[in-house]
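All chains should be modelled from the sequences, with the hints used to inform the complete structure.
Numbering (full-length UniProt numbering), first residue to last: 1 to 144.
Heads up, a few of these hints could be off.
Simulated DEER-style distance windows between Cβ atoms [claimed, not checked]:
| id | residue 1 | residue 2 | range |
| --- | --- | --- | --- |
| 1 | 69 | 109 | 15 to 25 Å |
| 2 | 51 | 95 | 27 to 37 Å |
| 3 | 112 | 48 | 16 to 26 Å |
Calculated directly from the structure, the hints in this document are not laboratory data. Every residue gets a Cβ at the ideal spot worked out from N, C-alpha and C, and that includes glycine.
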Amino acid sequence: MNFILADSSGWRELSGHNPPGSRDSLPHCLTAYRGLTRLSLRELSLEDLAGGPYLQDVRSLCLDWNEFAHLPAALSAASRLTHLSLNWNRQLQLSSGDVASLLRLPSLQLQNADQAAHDWQQLAPQLQPPQQTQEPQQQPQAPF
Numbered sequence: 001m002n003f004i005l006a007d008s009s010g011w012r013e014l015s016g017h018n019p020p021g022s023r024d025s026l027p028h029c030l031t032a033y034r035g036l037t038r039l040s041l042r043e044l045s046l047e048d049l050a051g052g053p054y055l056q057d058v059r060s061l062c063l064d065w066n067e068f069a070h071l072p073a074a075l076s077a078a079s080r081l082t083h084l085s086l087n088w089n090r091q092l093q094l095s096s097g098d099v100a101s102l103l104r105l106p107s108l109q110l111q112n113a114d115q116a117a118h119d120w121q122q123l124a125p126q127l128q129p130p131q132q133t134q135e136p137q138q139q140p141q142a143p144f
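Written out as structure tokens, the structure is:
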């Protein structure tokens, strides 16, 4: 597993890449680290994410081209997350709880995550609050 630092002075951005066919878990030196704001873990053949403080400050997370069957529970620690990319996770299935959590994100990408996209189309409309229609304002009438 190889990691590339985009800004070594602050360790704010980190991306990892696995050679095809290898299946490694994330190293402890990463999962114990805090302060990352952008993290790319694409093409690592991940089936789950390890818990740890590394997700607490992450605002942008790329999990493209992995092998998640379910949304990783460790994502609940990513309380500052504003952008999540789950493209090409073809086995990913979303529960109604997953969709409810993901609806809070300003930016979500699910391209070519066929099952997840199907689940999203089925569940999201049920979980979104109904659009409120604005009633026409009545003009106060003067007493006669």
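Going through the hints against the structure:
| no. | hint | in the structure |
| --- | --- | --- |
| 1 | 69 with 109: 15 to 25 Å | holds (18 Å) |
| 2 | 51 with 95: 27 to 37 Å | violated (19 Å) |
| 3 | 112 with 48: 16 to 26 Å | holds (20 Å) |
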